[in-house]
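Number of protein chains: 6
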Amino acid sequence: MSGDKEMKATRKPRITGSELPNIPWEDRPEGYEGVIWRSRRNPIIPRNLIPSANSIFNSAVVPFAGEYAGVFRCDDKRRHMRLHRGRSGDGINWDIDNEPISFFCENPEMGNFLYGYDPRVCYLEDRYYITWCNGYHGPTIGVGYTYDFKQFYQLENAFLPYNRNGVLFPRKINGNYAMLSRPSDTGHTAFGDIFYSESPDLCYWGRHRHVMAPVGGWQGTKIGAGPAPVETGEGWLLIYHGVLTSCNGYVYSVGAALLDLEQPWKVRYRTAPYILSPQTLYECVGDVPNVVFPCAALCDTATGRMAIYYGGADTVTCLAYTLVNELISFIKDNSL
Amino acid sequence: MSGDKEMKATRKPRITGSELPNIPWEDRPEGYEGVIWRSRRNPIIPRNLIPSANSIFNSAVVPFAGEYAGVFRCDDKRRHMRLHRGRSGDGINWDIDNEPISFFCENPEMGNFLYGYDPRVCYLEDRYYITWCNGYHGPTIGVGYTYDFKQFYQLENAFLPYNRNGVLFPRKINGNYAMLSRPSDTGHTAFGDIFYSESPDLCYWGRHRHVMAPVGGWQGTKIGAGPAPVETGEGWLLIYHGVLTSCNGYVYSVGAALLDLEQPWKVRYRTAPYILSPQTLYECVGDVPNVVFPCAALCDTATGRMAIYYGGADTVTCLAYTLVNELISFIKDNSL
Amino acid sequence: MSGDKEMKATRKPRITGSELPNIPWEDRPEGYEGVIWRSRRNPIIPRNLIPSANSIFNSAVVPFAGEYAGVFRCDDKRRHMRLHRGRSGDGINWDIDNEPISFFCENPEMGNFLYGYDPRVCYLEDRYYITWCNGYHGPTIGVGYTYDFKQFYQLENAFLPYNRNGVLFPRKINGNYAMLSRPSDTGHTAFGDIFYSESPDLCYWGRHRHVMAPVGGWQGTKIGAGPAPVETGEGWLLIYHGVLTSCNGYVYSVGAALLDLEQPWKVRYRTAPYILSPQTLYECVGDVPNVVFPCAALCDTATGRMAIYYGGADTVTCLAYTLVNELISFIKDNSL
Amino acid sequence: MSGDKEMKATRKPRITGSELPNIPWEDRPEGYEGVIWRSRRNPIIPRNLIPSANSIFNSAVVPFAGEYAGVFRCDDKRRHMRLHRGRSGDGINWDIDNEPISFFCENPEMGNFLYGYDPRVCYLEDRYYITWCNGYHGPTIGVGYTYDFKQFYQLENAFLPYNRNGVLFPRKINGNYAMLSRPSDTGHTAFGDIFYSESPDLCYWGRHRHVMAPVGGWQGTKIGAGPAPVETGEGWLLIYHGVLTSCNGYVYSVGAALLDLEQPWKVRYRTAPYILSPQTLYECVGDVPNVVFPCAALCDTATGRMAIYYGGADTVTCLAYTLVNELISFIKDNSL
Amino acid sequence: MSGDKEMKATRKPRITGSELPNIPWEDRPEGYEGVIWRSRRNPIIPRNLIPSANSIFNSAVVPFAGEYAGVFRCDDKRRHMRLHRGRSGDGINWDIDNEPISFFCENPEMGNFLYGYDPRVCYLEDRYYITWCNGYHGPTIGVGYTYDFKQFYQLENAFLPYNRNGVLFPRKINGNYAMLSRPSDTGHTAFGDIFYSESPDLCYWGRHRHVMAPVGGWQGTKIGAGPAPVETGEGWLLIYHGVLTSCNGYVYSVGAALLDLEQPWKVRYRTAPYILSPQTLYECVGDVPNVVFPCAALCDTATGRMAIYYGGADTVTCLAYTLVNELISFIKDNSL
Amino acid sequence: MSGDKEMKATRKPRITGSELPNIPWEDRPEGYEGVIWRSRRNPIIPRNLIPSANSIFNSAVVPFAGEYAGVFRCDDKRRHMRLHRGRSGDGINWDIDNEPISFFCENPEMGNFLYGYDPRVCYLEDRYYITWCNGYHGPTIGVGYTYDFKQFYQLENAFLPYNRNGVLFPRKINGNYAMLSRPSDTGHTAFGDIFYSESPDLCYWGRHRHVMAPVGGWQGTKIGAGPAPVETGEGWLLIYHGVLTSCNGYVYSVGAALLDLEQPWKVRYRTAPYILSPQTLYECVGDVPNVVFPCAALCDTATGRMAIYYGGADTVTCLAYTLVNELISFIKDNSL
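Top line first, the protein sequences correspond to chains B, L, E, W, C and X.
Numbers 10 to 345, taken from this note's numbering, label the letters of the first sequence in order.
Numbers 10 to 345, taken from this note's numbering, label the letters of the second sequence in order.
Numbers 10 to 345, taken from this note's numbering, label the letters of the third sequence in order.
Numbers 10 to 345, taken from this note's numbering, label the letters of the fourth sequence in order.
Numbers 10 to 345, taken from this note's numbering, label the letters of the fifth sequence in order.
Numbers 10 to 345, taken from this note's numbering, label the letters of the sixth sequence in order.
Just chain B, with the same shape it has in the complex (with noise of 0.2 Å):
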């Protein structure tokens, strides 16, 4: 309680895990009015870095090890979704693997890889866990983790299908892991809310809470969790991607929100906005038409300093840059 009331007052964003890098920054372009801005570089990770890939996007990227890391989602050119490891001094420049992780499992049948798709990695504790929908009888959410993003072990799937978008958070809740997930069907879900678990060993999952539904415009179809929330004295900040149905089909734009710090069920804040919308060429333009997906952020505590990692087009990687402190201005003053 202490504790909280302490961060209240810095309002600082706090990152669990190793040192930070010198993380990837721009700076906010003149005249560019949004809390949100591009990189120039965009996009940073082309559709074909690797032989393999028909598209390389939604990434999720962390630091480790005095430089980044990440696990990656490589389509192949079956069109087979795929999770890749990468590894970058800066960032920018990525060493993507040409062959997908393969994950050490103890049952056979769980560890049985038919595609994973859309990863999210967590520093939590003392190793990297990654989450991922994995395919399991339909989509579900898988989890595992690494130490040294060489091994890679797999748990069991937190849920029963159908579901996506697992987000752990960076540190337990109430004694308990914690994790944002988003229930879903068999096909391109026409629904989807937020909802909150928690389980005591990453084994078996409950006290499931609903956290965010739709509420029209840019979010009127279905939301998921974007990055990981990072914690602030605000609150968790989790940036989240939202779907509006045109006539031609999805458009996918990011939001943020603040969620309690103690019951992280509980909305504080809600971007009515989005903070990002599909708007260039390679965010419109490609496998999947319009469509913009954070999977990662990058954060510096001492400058405030965000990096987000989204896809672009469900075909390319791309990034974002923010600072935190305004980004939870904008939420609080532009909330729903």
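Don't take each hint at face value.
A pair counts as met if it fits within one copy or between any two copies, since identical chains are not told apart.
Derived lysine to aspartate or glutamate pairs resembling DMTMM-like cross-links, with alpha carbons at most 20 Å apart [unchecked claim]: (1) K341 - D157; (2) K275 - E115; (3) K275 - E118.
Rather than coming from a laboratory, the hints here were simulated on the basis of the structure.
Position chains L, E, W, C and X relative to chain B; hints supplied.
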């Protein structure tokens, strides 16, 4: 293995729980060849047994205190779905409360009863557990219990939405509580497999395993567990419903399977034919035509008699009979 | 205002128009608790009363010249939807023309009768107005009148397509003609609210106001006005149909509401439960199973008796009874 | 041409094939006005006539060896669709094999029987041809034959998937075998016209011509040929089914047409009204409510009597009667 | 009548209203053959001209007080649809208010602005009428006016929901106000004809007539009126949009028609080909790909020049040019 | 048989027909690794090459008389689908007729051209056969031929509707003409397998065999044959398209297979990855975004060079290159 052999030797269905009173029974009609036969008194509970009800069906009945008790789905005249308590001396003539059950629940958000339907009751350890389709931002599996059918307590929902047909096993498996369920979507779900999950404490659930998928014919669209599985020397006897989609809608029939006793997600036998399908006027005409939907079975170990309670046309409650050993033989002889 | 008060004092239903002949009547059956009860002679009009008919249902009946007259939906054996004239001495035994009504219409394009269904008849000022679902580049509200049930005249359609269930009020409101209707689409519309509109001259319509929306349960998909509203001291008594979508299609039930006398778009009371739902064989089996659809009500001011004509399963014509004061009390006691 | 004239002169229906035994017959009921009337013994074959059957319907019956033989659609209790052989002395009481027909087929891939339904049988030249909806990577038209209703042989499928309701003409047209069929899709097809095709050898088919399209009302969604066309002086008498889509599903009714004798893709007359629609309990209640589906007709040239076999509610087999000359007159008098 | 004759003689387009300022103009590009050509400055209004906007498109522009004024659809960053006022000296460079228009409305229920989109402005008699798609329990036609583009007043909605693309004629027809509209449903309507309606007072509407239906090709799914019709000697010049449904969604193109001057529901000519279709990047890429949607046209009587304002990809505002007499000739030469 | 052995030995692609002129060619770009590479001149035919065209794509090109000739899909500005003739000296620069081809056809009903699209041209025996999707009461396979690309003759449609992508083999198989096709439905078909059929005379077709089904990924929704198969020592080289359904519509990619030479319904190898997918602006933006659709391939036996013509975004015509032996190796190395 040797235990399994022993069980096969005895081939007696085992019922955990209180002593069975006089189980409802009617002999197989002359010349009737099916393994299951209907009660001549069907529908044993008419739609209007209590003034508040539009329909009474999909009943969950157990032996209790030398008589029978049950939890009934009673849709009221708003067509809202509610759970009502019932008592009976003979399992045929029921006294059902005109008002729905009110559950005690510690968490007010969880206990805010929106709707409940298709209950199952399962005696386990020291009390009667009730599972049902519970409205919490969509359908999911509500869990509650009672010791006395007077006070009812509600626990955490077992799973995230969207789920239906949650059915507990009557004893722990591998030291855990175990449940079958059928993940769904938000509407008249057009798909549905049966999954298995475990919990150490009825709060947190995991170790989810796929059990059975639809396979065409009467069970081609979706399937869901019916009464609580009955432990037999041949495995868990699971009576389940399957759905066929005709050009004029869903047709709900009944089949049966034998699941491995220790690894119940492994199907040992499963009927290719249905064992009951909607053929009588009270099954074919009503609020939802062409539905037979089993939710409870009483089983007398001494005689092997089984009385299956099922809903007819989502309108009335019906009864059918079988002999467990005959049913087991039928499953093995007519397996997929 | 004072008139309103007076009406509330008397609480007598008022019927505008000619003297009522001997209204059809049967007392409530012994032990029956519902506020509405069915005629023992149901269906009072079989599907094949006239040789040309496939079905006769959704009738519009009024007192006329010491007897009764009506306009009936008679689908012919092409399954084309037509309006036929009927006469009856007692409201039970009907003489229906084998040929459909032919309307005089000044405008040939407007009067080119494609199809007409679900008529209502309303005595207003000096004549009997007929409204129906009229085919003019899609379904909309046709308007016509007759003085004598011999010559029929057709006016302009009230609204643009797509609309159904247009029902006139039996007197002017605020000096204007007033109509309830249910905007629709081109098919088996899966939505539908009741709106109110006014016209100075039955040609031009405006001042459209929203009256009621679906609210779940039996009235969760769409709702539509039934017989012409009956003026009572408690407001306009509106009997209406509501539709629930089961996995096997639509179920049409009947409810009732009290609308403000001077601002009829304001709902004062509205039944949460239905007052009639399809439960008999002639309501559950037919061309469209599970339909009760009221289109007319005869009301005797002296006794408060009301006879409600409704279609059964889109196939036959049925009759049900109530007492207006009891119905009003029921609406107020069971309001949403 | 002169032959055509002669036929018109005689106006006798001609039946190619063996001598007709005692055709089933019941006189038109007193006061009944329809051109077709039902057997008082309906349903003449109950759903459970043989132990393996869930339902027996959509029968294909021909005179054979002084008695009657037929191929029946018997859905088994898996709800798999199978073809069974039947024999009868009087056309009313049938002896149906409990096991399905096994066809000899040279090509094992073609002869790998997945499912078969809605058979028709047609005597042509020297044998009895059977056509049915055959599962080969989707529904298409299977073709087989028998000389003796003991050995059955399967030929090549007539067409590419997806097709249903393939019906042979009982004699060659323009020196070719001729077939009507209704191209479909993979599911509960919501469209469907009747086409005509020719073949020199029952292996290769071409010269495809459009015959009839849906036209609204009872035949507004799709239409399909029923029994093999009957050659008459007025043209080929084609009894066919038509489908209307109500808000609660498909309704199958029966109509009739007269096709040009030498250019059977030219429709000379076609009934605007149906001649039979589902109105009895055994037609309106069953596995698929509201279906009458004709597949065979016996016709006695001497008397002009015709016995039409049709399926009721996709569950039972029924019989209806007409007089061919009356039916022809009806078609001409009630043509579109 | 004599005026009509005169108009036909001169065949000059007439613009009712204030004197036209310097109409935007660019000559047809060298070698370009189409009857309409795009501005080289397209898109003339970018999506982010004002800070609050996600997009600015589907503009309604009129000459006003020696300059130009307009009402613009500005979707904000919530993706809520709003109407904003704009002013311009040259019709190219616009000054648009950052805040939406606030209408005065006597009736608070009617004036409770939920959303407004796709406005049209029409000078008529003494003021500028605005019509738009107005949210009132579904989309319908909102009607308002302004004298000065400072104060805006809202009248009754013209029609019951569900309707879109309501467009006033710039003079009374037969003594009545006249409007074209396109009845719709609640979603991304997959059908849509243009109808004509009249009103004596802009409050009550009737005399509804069908004008045009979709006819395949680029105008195969639905059609809707664009700018207010322009009166010419050849009839009302109506520029309209048409929609084709590809496997990847709707494609909006533009066509034109000539309507009878006195009976505008009678179509004299209508282009079989489109006159503009989405072909540039700013029309093919954006919030809704493949949309050109005209809402306004400026026309200079002296020169016959016409400047058409249209939305591109539901994102930006574009301009195209034509010469009215050429366009009329094109319509007549390429009529359906 | 010995011929087959010989072919396998040489492994040279054989082209039946006239001598090949100078085949279009560009070397593989430096560093490009794919087995197919795009022309730097793409799109080689813009959408507006001829005045009447909205778009020109899905071309069918063959060597002819020392130059090249082709049949092109030219959608006109009504968006009607038409077939146009083209001639070219180099295969790159095309002279396309502004008016569509007019076929001579003996049967006027068959020859009543409604629409034609996605043509293929195949030299066989003594003439150039054209197959296309032909409108005859729905899409089916039209068949025609020309000797000189001046006079065009139309034969009987090959199959009943509904079918698309009919592609002839360039020589007889088993003494019969042979065709691949993809049975479809009436709309934007969401399924589709490739089937094989034979004909002795191009009039009657039969011996239908299933060839390939969708298998997930880029070819998960439906597949269809592309250019006429090319005979090689390794089997028939079939380039085909496959469709993936994203949340924003269909994505058309290209793969390849090797079919057995004598039993072409037997697939020997089939690429798991695509060999071309929509990635450039002219493939991703246009009338139908995200489409590459091959219809023709020129192959030079001497060099093994192949030039593949394909449509981009259903708007323009593009060219890609490969070496046949490399492509064959790729297919074998990357087979499912």
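Of the numbered hints stated previously, which ones are contradicted by the structure, given in increasing order?
1
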